[in-house]
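Number of protein chains: 2
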Amino acid sequence: MKRTRMDEASCPIARTLDVVGDWWSLLIVRDAFLGKRRFGEFQKSLGVAKNILSARLKTLLAADILASVPAADGSAFNDYVLTQKGRDLFPVVIALRQWGEKHGFSSGEHFPPLVDAACGKPLAPLEVRDAAGKSLKPQDTILLPMPQEA
Amino acid sequence: MKRTRMDEASCPIARTLDVVGDWWSLLIVRDAFLGKRRFGEFQKSLGVAKNILSARLKTLLAADILASVPAADGSAFNDYVLTQKGRDLFPVVIALRQWGEKHGFSSGEHFPPLVDAACGKPLAPLEVRDAAGKSLKPQDTILLPMPQEA
DNA sequence: TATTTTGGTTTCATATTGAAACTAGATGGA
DNA sequence: TCCATCTAGTTTCAATATGAAACCAAAATA
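Chains as they are written, first to last, in the numbering used here: chain G, 237 to 386; chain A, 237 to 386.
Calculated directly from the structure, the hints in this document are not laboratory data.
Among these hints, one or two may not hold up.
Heads up, the list lumps identical chains together, so a pair's fine if it works in one copy or across two of them.
To be verified - 25 Å max Cα-Cα, derived BS3-like pairs, lysine-lysine: (1) K338 x K321; (2) K286 x K272; (3) K338 x K370; (4) K238 x K294; (5) K272 x K294; (6) K238 x K286; (7) K280 x K238.
Since the structure is predicted, the reported quantities are computational estimates derived from the model, not experimental observations.
Please take these sequences and the hints and turn them into a complete structure.
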């Protein structure tokens with residue numbers, strides 16, 4: 237009765253969720269994008285129990301999403317930084333953010349805006365596009381059957 | 237000791253994850269994008285325990301991501317279909333998928349491709365862009381402080 | 001050197017998950 | 001129409017995961 241694993245699923249979405257599909261992992265990744273690097277920074281920012289944070293950091297390290305490196309400030313402790321694989325989660329995090337911006341707040345509420353550092357303006361909404369750059373709606377896409385080996 | 241809720245978080249990412257940040261919800265949404273509508277279809281496709289599926293469908297209904305409608309085939313049972321709010325998760329699902337395609341499979345493995353229904357070609361990788369359409373990397377963005385009410 | 005901070009681990013109660021059994025209503029066949 | 005089966009759940013129960021707090025060693029600080 238362990239948690240159902242999806243690391244053997246044929247679906248790429250399931251494989252992603254198998255690694256980062258829990259309540260905390262993507263928030264840790266979010267904080268890493270915001271420049272947080274130390275255990276204590278994550279713990280304070282997230283308010284997560286230390287044992288849970290410890291476990292999540294271990295799985296993110298094992299998944300090569302985070303790497304443990306010598307602290308930037310010269311301390312003997314370690315920093316947790318995003319690997320390239322971790323940085324590749326940027327569209328995931330932005331997609332989650334934009335959905336939350338649109339659907340997660342009532343009209344009177346506000347949230348800290350994420351903007352283009354150069355011009356200070358909000359990001360464009362993510363668009364799913366075809367190879368030629370045309371915007372696609374869900375029904376414009378189709379899942380083909382699994383390719384079979386010869 | 238209930239699950240830590242993030243529905244009051246100031247961060248839009250946290251608010252999104254509060255609703256769909258568990259292991260199953262986004263897979264249900266994925267299946268809904270693929271046209272699945274019935275309890276049994278979801279259950280068979282996901283292999284999830286029926287009590288868990290039942291609970292997840294309830295929260296997705298409560299969150300207005302799915303709606304319960306009379307069955308399309310005339311049966312007395314109900315269909316679960318995506319609302320507009322649910323369809324707005326399309327970029328989230330595609331982002332998860334593309335990350336999984338890139339990082340979730342070893343070189344010999346294959347997965348069913350999702351393609352543009354019109355031309356049969358794979359989708360373009362999602363790009364985070366600024367208001368003018370320029371592609372942005374994580375470090376090109378900055379989180380501004382919470383706007384304070386007057 | 002003494003004290004505090006950091007980065008964890010351990011312990012324990014509670015919550016959640018998952019498997020299986022169970023059930024009511026819908027459907028289909030004879 | 002009656003019976004059997006299917007669908008869509010709910011209930012029950014064991015196992016696992018979570019969260020809070022206590023604990024601890026090494027590092028930093030005074």
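Right, here's what the structure says about each hint:
{"no.": "1", "hint": "K338 x K321", "result": "between (27 Å within a copy, 9 Å between copies)"}
{"no.": "2", "hint": "K286 x K272", "result": "within (16 Å within a copy, 40 Å between copies)"}
{"no.": "3", "hint": "K338 x K370", "result": "both (23 Å within a copy, 22 Å between copies)"}
{"no.": "4", "hint": "K238 x K294", "result": "both (18 Å within a copy, 23 Å between copies)"}
{"no.": "5", "hint": "K272 x K294", "result": "within (16 Å within a copy, 36 Å between copies)"}
{"no.": "6", "hint": "K238 x K286", "result": "both (22 Å within a copy, 16 Å between copies)"}
{"no.": "7", "hint": "K280 x K238", "result": "between (29 Å within a copy, 19 Å between copies)"}
The structure shown violates none of the earlier numbered hints.
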